[in-house]
Amino acid sequence: MLINRKKEKKDGNITKIPDTGKKIRIIVVLCVVNVLLLISCFLLTHFAVKNVIVDGNKHYSAQEIQSMIMTGYFGDNSLYLSLKYKNKEVEGIPFVETMDVVVQSNDTIKITVYEKALAGYVEYLGRYMYFDNEGVIVEVAKVTTKGIPQVTGLSFDHVVLYEKLPVENSDIFQNILTITKLLNKYDVICDKIQFDAGYNVTLGYGGVKVKIGAMENLDEKIMQLPRILPSLAGEKGVLDLQNYSADKKTTSFEREG
1159 MLINRKKEKK DGNITKIPDT GKKIRIIVVL CVVNVLLLIS CFLLTHFAVK NVIVDGNKHY
1219 SAQEIQSMIM TGYFGDNSLY LSLKYKNKEV EGIPFVETMD VVVQSNDTIK ITVYEKALAG
1279 YVEYLGRYMY FDNEGVIVEV AKVTTKGIPQ VTGLSFDHVV LYEKLPVENS DIFQNILTIT
1339 KLLNKYDVIC DKIQFDAGYN VTLGYGGVKV KIGAMENLDE KIMQLPRILP SLAGEKGVLD
1399 LQNYSADKKT TSFEREG
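Numbering (my numbering), first residue to last: 1159 to 1415.
Treat the hints as calculated values from the structure; they're not laboratory data.
The calculated DSBU-like cross-link candidates involving lysine-lysine, where the alpha carbons are at most 35 angstroms apart (straight line), are:
1) Lys1407 x Lys1304
2) Lys1216 x Lys1350
3) Lys1339 x Lys1322
4) Lys1208 x Lys1246
5) Lys1216 x Lys1304
Pairwise CB distance ranges (calculated):
6) Lys1343 x Tyr1320: 25 to 35 angstroms
7) Arg1413 x Ser1219: 33 to 43 angstroms
8) Leu1241 x Asn1209: 13 to 23 angstroms
9) Pro1324 x Leu1241: 43 to 53 angstroms
By construction, the Cβ of each residue, glycine as well, lies at the ideal position given by its N, Cα and C atoms.
Based on the provided sequences and hints, a complete structural model is requested.
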């Protein structure tokens, strides 16, 4: 017969001998807690993110992208981020199609940003309506975004998010796409793309307006801007490239004020 507890009389008192099994259980629990604490400490320190690489971002700074991704209590832990974003794309951020998060090492992550293909924006009822290369309104904002030109001269009477801008000539969006591609090619992004009634083009660069005219010889015309625009810094006036071509290199600048 096993006896778990003995009682002895000493000086009229009863002395209880501690339960050995209970002590062992307490020791085991404390050991497990200590091991878990050590593991937690290791995971928090060894996988703490120290380096963040952000690629593909234009409309948001690297710091802004970082703050969107590294959220929550363990937002700066690469192991947690690898589990959180495993086989999962980040969605629901204005101007961003998706974002991929890849853990490159225990202390380094890379965030690749895939932005929406925005061709320009129009102003309507105090809001800025951003549209893609097919003319579909994809974002509505209260502030403008650097690097995306405002498009003026288009006629429309209403705007619906995720629907095509209802303009008379829908081919105009292909023209806008062609213009913006060339502007990006030669790194001369403008502030404004203006169309007149005949769909002739004028580009805005601060105080300088560049008359492009018709879409003919567009590449040759825009190709001249990296050479000419730096010499017009701080100027106000009109740079006329309407008649410029590979054969007829005609340009003029008329100062204003």
